[in-house]
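Number of protein chains: 2
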Amino acid sequence: MVKDAVRWAIGIDLGGTAVKIAVIDEKGDVLDHERHETRLDEGPDGIAGHLASLSHSLFSRFCGKLGLDLFAGIGVGAPGAVHAAKGIVCYPPNLPGWDRYALRDSMLQILEEEYRLRSPLILENDANIAACGEAVFGAGQHYDSFMMITLGTGVGGGIIIDRKLYRGTRGTAGEIGFVTVDYRGERVHAGVRGTVESLIGKKSIVAMGIDAYRKHPESVRSESFHGSDFQNLSPRTLERAAHQGDPVALEVWNNVGTILGVGLAGAAALLDIRTFLVGGGIAGAGELIFAPARKQLSASLLPSMRDGIDIVAATLGNRAGVYGAAARCFSLIM
Amino acid sequence: MVKDAVRWAIGIDLGGTAVKIAVIDEKGDVLDHERHETRLDEGPDGIAGHLASLSHSLFSRFCGKLGLDLFAGIGVGAPGAVHAAKGIVCYPPNLPGWDRYALRDSMLQILEEEYRLRSPLILENDANIAACGEAVFGAGQHYDSFMMITLGTGVGGGIIIDRKLYRGTRGTAGEIGFVTVDYRGERVHAGVRGTVESLIGKKSIVAMGIDAYRKHPESVRSESFHGSDFQNLSPRTLERAAHQGDPVALEVWNNVGTILGVGLAGAAALLDIRTFLVGGGIAGAGELIFAPARKQLSASLLPSMRDGIDIVAATLGNRAGVYGAAARCFSLIM
Numbered sequence: 001m002v003k004d005a006v007r008w009a010i011g012i013d014l015g016g017t018a019v020k021i022a023v024i025d026e027k028g029d030v031l032d033h034e035r036h037e038t039r040l041d042e043g044p045d046g047i048a049g050h051l052a053s054l055s056h057s058l059f060s061r062f063c064g065k066l067g068l069d070l071f072a073g074i075g076v077g078a079p080g081a082v083h084a085a086k087g088i089v090c091y092p093p094n095l096p097g098w099d100r101y102a103l104r105d106s107m108l109q110i111l112e113e114e115y116r117l118r119s120p121l122i123l124e125n126d127a128n129i130a131a132c133g134e135a136v137f138g139a140g141q142h143y144d145s146f147m148m149i150t151l152g153t154g155v156g157g158g159i160i161i162d163r164k165l166y167r168g169t170r171g172t173a174g175e176i177g178f179v180t181v182d183y184r185g186e187r188v189h190a191g192v193r194g195t196v197e198s199l200i201g202k203k204s205i206v207a208m209g210i211d212a213y214r215k216h217p218e219s220v221r222s223e224s225f226h227g228s229d230f231q232n233l234s235p236r237t238l239e240r241a242a243h244q245g246d247p248v249a250l251e252v253w254n255n256v257g258t259i260l261g262v263g264l265a266g267a268a269a270l271l272d273i274r275t276f277l278v279g280g281g282i283a284g285a286g287e288l289i290f291a292p293a294r295k296q297l298s299a300s301l302l303p304s305m306r307d308g309i310d311i312v313a314a315t316l317g318n319r320a321g322v323y324g325a326a327a328r329c330f331s332l333i334m
Numbered sequence: 335m336v337k338d339a340v341r342w343a344i345g346i347d348l349g350g351t352a353v354k355i356a357v358i359d360e361k362g363d364v365l366d367h368e369r370h371e372t373r374l375d376e377g378p379d380g381i382a383g384h385l386a387s388l389s390h391s392l393f394s395r396f397c398g399k400l401g402l403d404l405f406a407g408i409g410v411g412a413p414g415a416v417h418a419a420k421g422i423v424c425y426p427p428n429l430p431g432w433d434r435y436a437l438r439d440s441m442l443q444i445l446e447e448e449y450r451l452r453s454p455l456i457l458e459n460d461a462n463i464a465a466c467g468e469a470v471f472g473a474g475q476h477y478d479s480f481m482m483i484t485l486g487t488g489v490g491g492g493i494i495i496d497r498k499l500y501r502g503t504r505g506t507a508g509e510i511g512f513v514t515v516d517y518r519g520e521r522v523h524a525g526v527r528g529t530v531e532s533l534i535g536k537k538s539i540v541a542m543g544i545d546a547y548r549k550h551p552e553s554v555r556s557e558s559f560h561g562s563d564f565q566n567l568s569p570r571t572l573e574r575a576a577h578q579g580d581p582v583a584l585e586v587w588n589n590v591g592t593i594l595g596v597g598l599a600g601a602a603a604l605l606d607i608r609t610f611l612v613g614g615g616i617a618g619a620g621e622l623i624f625a626p627a628r629k630q631l632s633a634s635l636l637p638s639m640r641d642g643i644d645i646v647a648a649t650l651g652n653r654a655g656v657y658g659a660a661a662r663c664f665s666l667i668m
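Chains as they are written, first to last, in my numbering: chain A, 1 to 334; chain B, 335 to 668.
The set of hints was computed from the structure by calculation and includes no laboratory data. Every value quoted in this text rests on a predicted model; they were computed, and no experiment measured them. Careful: at least some of the hints might be erroneous.
To be verified - Per label pair, the in silico range of CB-to-CB distance: (1) Q475/B to P93/A: 27 to 37 Å; (2) R434/B to E34/A: 49 to 59 Å; (3) G615/B to K215/A: 40 to 50 Å; (4) A85/A to H577/B: 43 to 53 Å; (5) G185/A to R548/B: 41 to 51 Å; (6) P551/B to R236/A: 51 to 61 Å; (7) K164/A to L374/B: 27 to 37 Å; (8) M334/A to R570/B: 43 to 53 Å; (9) R434/B to P247/A: 57 to 67 Å; (10) K27/A to A352/B: 56 to 66 Å; (11) K65/A to Q475/B: 11 to 21 Å; (12) A85/A to S665/B: 48 to 58 Å; (13) R518/B to M334/A: 37 to 47 Å; (14) R570/B to A291/A: 39 to 49 Å.
Said to hold, decoys possible - Computed far set for chain B versus chain A, every beta-carbon distance over 12 Å: (15) H370; (16) S391; (17) L451; (18) Q475; (19) D478; (20) D580.
For each residue, glycine too, the CB sits at the ideal point set by N, CA and C.
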């Protein structure tokens, strides 16, 4: 049985809430995709075991059909500072108690000892690997250099320069969420004042919305957010209110976009990167964020830095991570 | 007459006030150094002519002694966005009316037509070339990757990654002066609000000093700054007052360092560069700035980003530019 020699890989996106795992081929076709809960209470070894078990299970199911010879390996995106060359995860903020863990070696050992599976295994930071995914299979295909920003619970970033991932000296590059834009401000996140993430992380957007509606109780919308409790106020409902023309919600998104634009301008000034891909759950608000962000980005830069600058929607949604993990296995990006 | 085969070059640092030009050999010895006024009123062509004439004059004086064979060329650092490959200067803020000027070709033409001198000529942004100078002949020799920050009239920056200059997509990388740290603040520079340069450029430090002494008329120092006129208040006199223990001046430098630290933290988060070399006239204040900057840099970063982070004094002073221009001619850094 001779088939097209299309390589395949297993991509994993390890998050604080969920593990996403997919079988993806070199053409970018997703052959299977699963979502599991992250077993936070089992600690690093338990999670490594879980990832190994999930990988082995998918491997076994697809190996006969796709061919062992064409298996390119397992790619893992993990939160925190990731030392890609050493396969070590450091201080992942959403995986309490990990501190410093040799996730790659741990997974490799379990795969071999428990499942007799020897596989290449690459490890990268989650935001970096999402940028790789967009670079190879998503909106980033059209740009040699760009920064990918993920707006969600947190604000993450990954940098692609000349079609290569820029990791920095210790693997923490691209952390736009930790760029300070309001150093005298009130908001603090992870102990740091006035960062982009402290201002427009998911919780802060909700807080901003509640503040705004408290100040404008006359808004017909206030009612739909369950009065003074605002139980129903979420980025999603704020988005809907804005699309229906509610000026309070529009103003909230305008603020979010403005703050994003200020942060991106800092990245443009330092890195001289002109293309910003924005993805993640919050980015679903689209032009509600992008339009004010573009305006602010331009206003915060000198004319010489504005040429060709743009903000573009990422296209792989919450699968950018598994796509990127597979792309790294195929060495489609380094 | 056989001599050591040591190559030599002419390094030029074109500023808004002065042109610095030097003859430097490959070992880093400065054989001659001159300073001339920038002929702003003669426009781009006039300045190109002046630079060509100064170059030719030094070339003629040293060629016999050092050897034509060992002449490595002329290096020029210029303000604004510099397209190094094309030899074009765009929007130099301190050279009014330049907009977009092919400085390299213009100089080459004059050198050949007026002086029959054919020479390699490289052009780089002034802050970038200063970083090259420190990388090859200064404090940067000890680091593979660092960011060089120049504190002076403005706040400039240059980035060295793996011993190579990082120029960005259009030659404007490293502009830390245009990173916004106080987006709701009052201070504006070049039309942008709350940037590092708007807060700790030379004029702003003086303004900060005047404000501080106005608030503390009881300070014995107020008198020495010529009372309410503050004619004598300058970074230099503020520095002296701080070294003599004046709490008002100490507080001003503490603020300057804190703001610098916030800006550097943004660069560390984005670039994952851990070493910051600080030079320029204002950096003469040394630890008065560096100590609070280090403290803030650490406070503004996650633990995973702090490892190995430091702020170090640049060592080439205001000659970093001409050193870097020569280093580029010798291809000691690319």
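Compare the structure with the hints numbered earlier in the document and write down the numbers of the violated ones, lowest to highest.
5, 7, 9, 11, 12 and 19
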